[in-house]
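Visitor: In case you want the letters, here they are:
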Amino acid sequence: MKRTDTSNPDYFHQVVDCQWACPAHTDVPEYIRLIAQGRFTDAYMVNRESNVFPGILGRVCDRPCEPACRRGRTGQKPVAICRLKRVAADHRGDIEDRMPVIPPKNGKKVALIGAGCASLTVCNDLVPMGYECTVFEALEEPGGLMRSNIPSFRLPHEVLNDEIDRIVDMGVDLRLGTRVDSMQALLDEGFDAVFVGSGAPKGKELNLPGRQEADDNIHIGIEWLESVAFGHIENIGERVLIIGVGNTAMDCCRTSLRLGANEVKVMARKPRDFFKASDWELEDAEEENVEIVINHSPKAFVVEDGKLTGMTFEVMEYDIEDGRITGQRVVGEEFIPCDDVVLAIGQDNAFPWIERDLGIEFDKWDVPVVDEKTHQSTRDGVFFGGDAAFGPKNIIWAVEHGHQAAISIHLHCQGEALDDRIPVHLNLGSRKMGMHEWSYSNSFDPAARRKMEHVPLAQRFRELSTEVELGFDADQVAVEVERCLNCDIQTVFTDDLCIECDACLDICPTECLTIVPDAEEPALIASLRAPRLEPDQPLYVSGELKQTGRVMVKDENLCVHCGLCAERCPTAAWDMQKSLLKFPRAADHEPTAEPLKKTG
Amino acid sequence: MTFIAKPRIDLPSDRLNDIGLRRRDYEGVLSTLCAGCGHDSITAAIVQAFWEMSIAPEKVAKLSGIGCSSKTPAYFISGAHGFNSVHGRMPSVATGAMAGNRDMVAIAVSGDGDSLSIGFGQFGHVVRRNLNLLYIIENNGVYGLTKGQFSASADVGSRAKKGAENRWQNIDPVATAISLGGSFVARGFSGDRDQLVPLIKAGVRHRGCAVIDVVSPCVTFNDHEGSTKSYAYTREHKHEAVKLDFVPPAEEISAQFDPGEAKAVTLHDGSRVMLRRTEDSYDPSDRSRALQYLETARSRGEVVTGLMYMNEDLPEMHDLFGTTARPLTDIPYEELSPGSEALRKLQAKMR
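Protein chains in written order, with the numbering used here: chain G, 1 to 600; chain E, 601 to 951.
Only chain E is shown next, with the shape it has when bound in the complex:
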């Protein structure tokens, strides 16, 4: 960590986004994570994505559980709402928040411990309910806050800092989310911001639960030889299945996308995701192939990244509940809670 806060220096070259804010306006307080932590990189990617998308900070809800990852919402968008919840129970709190105000942009930050161990059940259900939020798992394969024990995402055969070998089977959050019926599932790497920022933007604009598993090296406990979540290992074994670009609604699709090579998927707000095929000719709309592809890559020891699966047509939680399009927080209290007489009448109708 650092003891001196990043000074605020207003420079003549500072650019403003569409709502007149500087990138610095999307930053948060001083990070207390270890210097070089992948999580700080992800924080910076979130800052960049939200700034570039000109999302008003007060329209953002930041939700997290417990762990190194779950501390990070304090380090971005100071002007946003936030809830640092109980360990592994962030999805419940997020569900409540989004049930109450569906117009918010919800960003959930969790870790491999918070989502794949103690909160595995909550993670599974929020994915299958397709709650409209961006769910980032900062995945480093170890419990960093408790000095680096293997987590549930640690690969079989990978080694801890002192040499112990992991013999437990690992949970892959990407395969898990796809098999649970997730509507947007991707994997990124904290050390590849050019890939991560468009993924975050697409995830924010996707209507439904957008899970992004981000390999985020723990520089203190899991960046050694023998680790499969280190900077060096990830860079060496990273394989991008599909290249993704994000094009905001008002913007023209530029000539850099060759129509034969790139496929556009339009999101609900009119923005588009441009998928550029790699040599694998991977198609993120095919669920069974996605799972098969992940399995093949795993057996080859590859860390597959990119947008692995997306389905814009799956209904999100509010669609399934049939709730009103108006956020509940905008509805006057008398209307929302019409009193015991109204309740009695309703019950009478059902007798």
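With the rest of the complex left out, here is chain G:
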């Protein structure tokens, strides 16, 4: 097989599963180590560099990192990455002196529509470069869906305000209560670039018999959450049905409980394996005695004397093969009484305010055509990010969109080509400190994942804003940080140093190393000592070894980064090196920026 090119930053990046899975590529192992050392402020800043809102994301991130975590492949639960992020945010010190100094304005003006996470990230990257950023927000407070759709019992206002203010206070021209009704008019104002970060604000409708008659008691999930967030709605009926089983549905059912409902059912059309909600959000809802009813497809709203009395559902049955639905049929019908219904079946982008003759092309689903890399629409200087760009995703994706759009906006304003972007930079530095001494905690800790403590049920419904999760205590943090396998401390092999003594093969606790005669891929994989369980995981193949011409092969899948191969190696052919990936931001594209350099 071909010798693996480890100089391509993607190789070692992919080994750091959490960082690879994170849309914003947060350096997770690095911040977990900093937490382990009690350096909470440093840990917070490592996070902020990538994901801008560590306190917010430490509570409500969709956590694509956790299902990817290598721990999960050793027969255990993943590291509580998200909760550790909150630890960094909760315990950090003052970061004022670490914020960038704002230079004089550079004369370039950027308009941003919507004060959500995408637009705020663009501001975070561009204001410190001298850009004049004007944010137009229809609501009276900034934050977008983070404020209007995420209930305060999950995300306290202080945390939200703190991280938003930090960006706004850099000198963003924030215009609240200012809805943009015409893109044409905005463009006429002469901005150098326009960024659309207005989200996907239109909740999906469920047009069934009785919908109009019962309108008073049927609510669109995201609009209803917004009304609750701004205090326009303060109560709901005793019996509530939530239609849909995504994360919005989870917020709706738990919010209902806090507004007076005592019998809340989440109605799902399909079996549990097909739910869109994250497992932990489902668990949290069920802990509050929300009943999740499966295989019920809504049929009609039942109205008596002009008032909603319940809903009828078709009871479904599915044929499932290999995790996919291959057939379905209706096996019955059921009436479920209720006082209110909340629809949480998805949301759409809506751009009624963008005139269709501006050169901004829309596709057949009536969403704008946006370049996935540069985030530019078909009109020069108009960019999209967050849910507005490619439909509903989540906060962490919106942040990454913001970073990428900021680079594009900068390049556009400077008259440079948008694809002239600085590539990701990889730096490797040995972590060897001396004989058998490494500057990271390399012993494998078999401890189980720590469980987050919650406020007792009796207390949590008294006030809407009582935060349910209490955060990790010091003991929990001490254990949880050691569960991280330090995947960014890479096993780096130098083939011409190897004397083929087999010491690394014998000491490897997961048998992920093999020395074999070189062969084509299928034969080589068949000769591995441990079966290759995850073909998507990287496979390292060395060059020919000096003494026998065989090759060293490493299946990255199960490596626990204990460093024993390097510790056992008599010739230092194996070394443990920290891979530091630098993801260029807009500021790195300044001609005056320091080139990315080696730091060790």
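Read the hints as simulated data drawn from the structure, not as lab findings.
The structure presented is a predicted model; accordingly, all values stated were derived computationally and were not measured.
Even glycine gets a Cβ: it sits at the ideal position worked out from N, Cα and C.
Worth double-checking, as some hints may not be accurate.
From chain E, some residues computed to sit far from chain G (all C-beta separations above 10 angstroms) [said to hold, decoys possible]:
id: 1; residue: L611
id: 2; residue: D640
id: 3; residue: A699
id: 4; residue: F921
id: 5; residue: A925
Have a look at the derived ranges for each label pair, beta carbon to beta carbon [said to hold, decoys possible]:
id: 6; chain 1: E; residue 1: G620; chain 2: G; residue 2: R3; range: 34 to 42 angstroms
id: 7; chain 1: G; residue 1: E321; chain 2: E; residue 2: H868; range: 50 to 58 angstroms
id: 8; chain 1: E; residue 1: F683; chain 2: G; residue 2: E321; range: 55 to 63 angstroms
id: 9; chain 1: G; residue 1: E321; chain 2: E; residue 2: S613; range: 53 to 61 angstroms
Knowing the structure of chain G, use the given hints to seat chain E on it.
Guide: Same frame as chain G, but now just chain E:
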């Protein structure tokens, strides 16, 4: 050495052997040998062989003397019995152990110092008595524990780490064992596990004294240029006289063995050793040719490996003593030691 123990990680892909044990169950404590030591490789080969053969750890007796090699029984099969004896006196202790319980699987690990210098006499006698045990000599040509002086197996003309040349004649344990009437004599290399594991398996199943001399480079004192027991030198000069495969009793002999090319030798327990001829058409059943072949190879500077000599028909120690087939440890004490009256009667019969 290493300070962090190999962590135990139970993986979904872990395989179990016929008695439900994982390979990890055949490992021992953390090795304190130098990183890269050939001995650790041999330990791993022993672990693999015993795991694959599904030998119950409590049926194994590990015996050793003194030296780097003799520390290694601590690093494999923690659940086995063990005796770390006096320098060079392991064969006596092994003889006692096997006399008492002939059903045990005995594995002796010794070194070139322990067997060819201080214990040379003991080594010679255990071979000629054909005690039923696997006798592994971890041979690195130097006294590693005392900072690398030449041992009795160091080749004439080889150089020590600081350049001194060895002028003493060397003892070849393979030639010695064959000439002493050994019934199973082989040579392996710690860096060639594919060859070593079947040799160990065959040695375990051979009834009698199975001597395997394993060239095991001392990574600290004897892995330099000028050494004839380094990884590089051994790989360059290694010559496999005969290829050996081990087939357990219940298993079919697979089609990979061409009957014209491979010769099967059946061992006492029904397992078979498949000998595949190399271009030398070497025959390990011919003792005089074996010795001649070794001499020729030595003069050419080759390190000959493989099963050099085997004779399944030589009687082992219990056969020669005519002892009971039951292990003495299984015989009730009253029966084993019937008292002074019984002794008096026996003596009276002989007057």
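Visitor: Compare the structure with each hint and give your call.
Guide: Hints and how they fare:
{"no.": "1", "hint": "L611", "verdict": "violated, 6 angstroms"}
{"no.": "2", "hint": "D640", "verdict": "violated, 6 angstroms"}
{"no.": "3", "hint": "A699", "verdict": "holds, 34 angstroms"}
{"no.": "4", "hint": "F921", "verdict": "holds, 39 angstroms"}
{"no.": "5", "hint": "A925", "verdict": "holds, 38 angstroms"}
{"no.": "6", "hint": "E:G620 to G:R3: 34 to 42 angstroms", "verdict": "holds, 40 angstroms"}
{"no.": "7", "hint": "G:E321 to E:H868: 50 to 58 angstroms", "verdict": "holds, 54 angstroms"}
{"no.": "8", "hint": "E:F683 to G:E321: 55 to 63 angstroms", "verdict": "holds, 60 angstroms"}
{"no.": "9", "hint": "G:E321 to E:S613: 53 to 61 angstroms", "verdict": "violated, 26 angstroms"}
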